[in-house]
Structure formats: C-alpha cells, structure tokens
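Chain by chain, the residues run as shown.
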Amino acid sequence: NAGVTQTPKFRILKIGQSMTLQCTQDMNHNYMYWYRQDPGMGLKLIYYSVGAGITDKGEVPNGYNVSRSTTEDFPLRLELAAPSQTSVYFCASRGGGTTNTEAFFGQGTRLTVV
Amino acid sequence: AQSVAQPEDQVNVAEGNPLTVKCTYSVSGNPYLFWYVQYPNRGLQFLLKYITGDNLVKGSYGFEAEFNKSQTSFHLKKPSALVSDSALYFCAVRDWPGGQNFVFGPGTRLSVLP
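In order, the protein sequence lines correspond to chains A and B.
Position one of the first sequence corresponds to residue -9 (the working numbering), numbered consecutively onward.
Position one of the second sequence corresponds to residue 42 (the working numbering), numbered consecutively onward.
Honestly, the hints are just simulated from the structure, not real lab data.
Possibly wrong hints are sitting among the right ones.
Heads up, incomplete: computed chain B residues facing chain A, CB under 7 Å, no partners named [stated by the list, open to error]:
(1) Y73
(2) F87
(3) F145
(4) P147
The list that follows gives simulated cross-link-like pairs (lysine-lysine, DSBU-like), each with its CA atoms no further than 30 Å apart [claimed, not checked]:
(5) A:K34 <-> B:K99
(6) B:K63 <-> B:K99
(7) B:K110 <-> A:K34
Now the stretches of chain A that chain B is said to cover, found in silico as 3 or more residues with beta-carbon under 8 Å [as the list claims (entries may be wrong)]:
(8) 24 to 32
(9) 35 to 45
(10) 83 to 93
These numbers come from a predicted model, not from an experiment.
Quick reminder that beta carbons are idealized off the backbone N, C-alpha and C, glycines included.
Excised from the complex, chain A in its bound form (with noise of 0.2 Å):
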C-alpha cells in the first residue's frame, strides 16, 4: 500500500517563483489536508477538501491554493514565494464515518525559500 505520496521530497525556490506540491492518496479517502509544519509550532492547517470538487480554507491559507478534481490528487500551489512559506508541508487524508477517523501522512516536502 503506497497509502499518501508526497513530492517533490525537497525543493529550494526563489523569492517570486511558483511551484505545485503534489499529493496522491490510494485509499479512496473523501477528506484531505495540507498542514504545514514550523519548528515549535505543531502542525497549521492550510486547505482541506471533504470531496472532489469541495475545498476550504484552513488557519493559514494565504499564498496558497489548492483543487481537487479527483478523489486521489489534492495539488497545493504556491504563488509568488516568500521566505515566510519555508516549511515543511504535509499532506494528510482520512475516511469518513465513525471507524476511520484517523488521519494518514505523507512523508513530507521540505521547502526552502531564498
């Protein structure tokens, strides 16, 4: 089971440049999460998505945005880079219902802005 697969696994961008994260989930969860991880500061919501076509806005969303066209893929964009975007970004999914409650991991994109 490859479960939720991140990439790029690192990436270094410059101030200004664009890029996509790209997240893959093989369980056929409805929900989905982009979390971004700050030294000492836990994990910060970014996006989610509760289904194809349905997104909303987290805690932290500003200089981000995302889609959900399918089940499986939830890309978070980020425009016009700024050295307060690095971090390491997650993306999470999980079921729905009363059994699959908890949420599955990526490994993680280390992001650098320079």
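Got chain A sorted already, so can you dock chain B onto it with the hints?
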C-alpha cells in the same frame, strides 16, 4: 473552537522507566483524540485514538493513553521506555459531531536515555 495543549516541550526518561507525555484539550462537542509520533525527516505516524468506550486505549509499540473527561486530558503512557521511542509526539483532537479537521498540539520531544 478546538485547542490542544502539550505543556512540556521536552520529556527525558531513562530506558526501562515508565514514560508519560501530557495532553489537554478543549472542544465544544465530544472529542475524538489522537496521538501521533514523528521520527526525524519523516511524516507523522498514527499511534492510537480515543473515540468512545473504554477510557484506557492501547496502541502501537506498547503505548497506551488514558482519556479523562473531567480533566479534559489524554496523556500518553508506556510502562517501560526504549531508546528507540525517542521522537516528537503530537496530540490531536477532532470535534464530534461535525468537526472536519484535526487540531494539533505543539509537540513534545521525548528523549529516552540509555
């Protein structure tokens, strides 16, 4: 609004001794509670969860956690620590019913000393 506190940034314990990593939470409804572990340069791995029922839940790698509704706590425990348990531990909560998203605590770094 949901929130999670992990009052200790760092916990040090000798190998073979019992360990406790503390977590308190706040939700408006009923809590779904989770513990995750993160090893260096890796994603978060699910350890255990409390949804309903028995207040003592058992999870992976010999970890357990006790849900205490009156104290709004969900402390992670292990009877005998291993050096390999050294990692970053996150507590998370999801409000039920209706809560789509997870809120994570800031994390506690556990160091098990040989």
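Results for each hint:
| no. | hint | in the structure |
| --- | --- | --- |
| 1 | Y73 | holds (5 Å) |
| 2 | F87 | holds (5 Å) |
| 3 | F145 | holds (4 Å) |
| 4 | P147 | holds (4 Å) |
| 5 | A:K34 <-> B:K99 | holds (27 Å) |
| 6 | B:K63 <-> B:K99 | holds (16 Å) |
| 7 | B:K110 <-> A:K34 | holds (25 Å) |
| 8 | 24 to 32 | holds (count 4) |
| 9 | 35 to 45 | holds (count 3) |
| 10 | 83 to 93 | holds (count 4) |
In summary, this structure violates none of the numbered hints.
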